[in-house]
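Using the sequences and the hints, build the whole thing.
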Amino acid sequence: MPVPRLLPNPPRVPRPRGLLASGRLLLAALALGAAPAAALGAVQLTVSTDQTAASLNGQPVRYLAPPRLVNGRLMLPLRETAALLGQTLTETGGQMGLGRLTVDPAAGSATLGGVSQPGGNVATVDTTVYVGVRLLADALGANLNVDDGGRTVTLTALREGGNPLAPQARFSTDKTVYAPGERIIFTDYPFDPDGADITSRKWTGRQDAYFQPGTYTVTLQVTNSRGLQSQPYSRTIQVQGAAVDTPLSYALKYAEPGDRFADPLVSGYPALTALPVPGPSYPLLFSDSPEAPTQSGVLYQDTVSGRARLLAYHLNALGRPARLYILARNVEGRAVEVRTERLGETAPTRIEGLLGQVTLLDYFASAGGHVLNLAPGQSAAVYASPTLNPGSGVNVMQDLTASGRVELTFVMLEEGLPATAQVVQQIPYLQPDERHQRGTFPNAVRSLRVNLASLPARLVIGDGRVDPALDGVDRLTGRPQRLLGNYGVLYDLQVYGAGGTAVAFSPRGGLYRGAMNIEDGPVSQTIKLPRSGNALTPDQPVLLWRAQSDRLDIDFVPASGSSLPISLVFYPTRPQAGFGGVRKTYQP
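Numbering (mature numbering (1 follows the signal peptide of the UniProt record, and there is no 0)), first residue to last: -41 to -1, 1 to 547.
A hint or two may mislead.
Said to hold, decoys possible - The calculated DSS-like cross-link candidates involving lysine-lysine, where the alpha carbons are at most 27 Å apart (straight line), are: (1) Lys487 to Lys161; (2) Lys161 to Lys134; (3) Lys134 to Lys543; (4) Lys543 to Lys487; (5) Lys543 to Lys161.
For the record, the hints were derived by calculation from the structure and aren't laboratory data. Predicted model, so just to flag it, every value in this text is computed and none were measured.
Rendered as C-alpha cells:
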C-alpha cells in the first residue's frame, strides 16, 4: 500500500465573486453550528453569584445549581463546572478528582497536587458539591478574572488533551435554525486516529424533527473496535417560527415502510366498504386445538382434492422432545401427485410473537415446487418440523395442490416414534382444548375490492362484525366451528384510487407482529410489520406503503400468535394547506 505524502500548496486560482460570497456564507453557517467551544482551544466560562445563567465562550448556558457565596468565598458546583469546561471528573472511593485537585466531600477537605488545602474550600449544599473558584483555577492551571464588584468571575482554561488513541465523534446538521416539523439532516463523520473501525454510535437528544419551539442539544459519542470511547460531541439546534409539518404529516412524508408513527384520531376515521369480487378460493385446514398437546396423537385430519391451505400452530407440552408432522395418504385407486405451492414455517421457538411473523415472511418469499408422488394407499410427510424441546412451538402455513383425493393428518409424535401409517393408526385422536379452534373452513381466500374516495379512511379486518368470521366444521367431532380472527385466511385486496395515498396498519386488538405483500404497478414488496418490535396500540399505526399507481394489490393473512382485529388506514399524501411544502430527500 503506498505511503500517503503531503502535496505542495496548489497555485491560487482567482474565483468568481459569486463563489467567494457563497464560500463566506458556508463558513458563517459552519461557525454557527460549530462544535462545543471546548473543542476549539481555550474554554472561557463567565459566572455570577446566585445566577444559574452563565456564558461559555460567548454562548448562553445554564447551571442547575447556581454559584454561591459561602462564608465570603465564591464557590462553583464541581460536577457541572467540570462538564462545562470539558474536563474529566473522576470518582473513586468517595473522592472526586479534577486535574491536580482531589476533593473529599464527606470530610469537606481538598488536596492540590497532594498538598492539603485550607478549610472552607469545599462545601456540600443540597447534595451538590461546591469548590472555591480560586482553587478550581489553580487545579486546572486556568486564568481567573474577577469584576470590580467581586460577584462575576471568568475562568479561562485549556481543554484536556484526552486519550490520543480514542476515536473522535463528529457530526453536522444542514442548518442550525429549523421550523417546527422541519426535517433535520444529520451527517456524522467520526474518525479514529489509527484508522480503527467505528463500531457503535450513541446519540442523545437526536430527533429527525422537533415539533415544539425551543433549544435542543444533540450529542454523539462513538466507540471504536478496541472498545475505546470518544468524548461526547454536541451541537445545539434552535426550533422557531411557523410549523411546516405536524407529526402526522411528517410521518406520511418521511417514514419508512414498517415504521410506527402517532395518530390519535385513527380510530375515528370513516370505515370503508369492501365489495366481494369473483376469484379462486380453496379450503383451509386449521389445526390449533389442542394447542399444547400433552401426549402423542392425531391433532386434526381431513380429506381434500385440488388446492388447500394448511395452518398448524402448536406448542410441545409432552415433557420430552417431539415433532409435528403433516402426513398425506393417497386414498385414490391411482397415483396422486401432491405439490407444495407455498410454505412458511417458524420452528422451534419459545417466543410466541415470532411464530406468525416469521412464518408469513417465509410464506410470501416461498417459491414452492416440492412434489411427492404417492402410490395408492401410500403415506408420506408433506411437512416435518424440526425437533421441538418441551415448551417450544411451531407454526407452519402451507399451500398444496393434490391431483386426487388425499387424507391429510396433523400429528404430534414424541421423538423416537416414526411418522408411519401404522403409528398413526395406533395413536389416539386428541380432543380439542375448548379454547382454540380446529377444523376445515371453505372459501379461505377473500377477494375484495376497495374504492378510495374521501380520505383518511380505514378498512377493518378480523373483527367478526364488519368482517365476519369464517364458518367451518371439525371433521373429527362433526361440530361447527367459527374461525375467530380469520387466522390463515388470505385477503386478496384490490384497492382502486390509491394514487397519491399512503397505507398504514393499525392494530386494534393488542400485540401484532406479521407481514403482508403489496403489488404497486410493476413493484412487488413484502413488508415486515412492524420493522422492529411489536405493533401494540391503535394510535401508533405502522406505515406500509406510499402508492405510485392507481391500483394496489395487497395480500394479507392474519398472523398466528397476534391479536385481531386490525385496520388498514389510507391517508392522502399530497400536502395539506399550510403544511408539507418542501420535501428533503437527501439522507446520508
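These are the hints, each one checked on the structure:
1. Lys487 to Lys161: holds (26 Å)
2. Lys161 to Lys134: holds (21 Å)
3. Lys134 to Lys543: holds (12 Å)
4. Lys543 to Lys487: holds (25 Å)
5. Lys543 to Lys161: Distance ~24 Å between Lys543 and Lys161 Cα, so the pair holds.
Violated hints: none; the structure is consistent with every hint.
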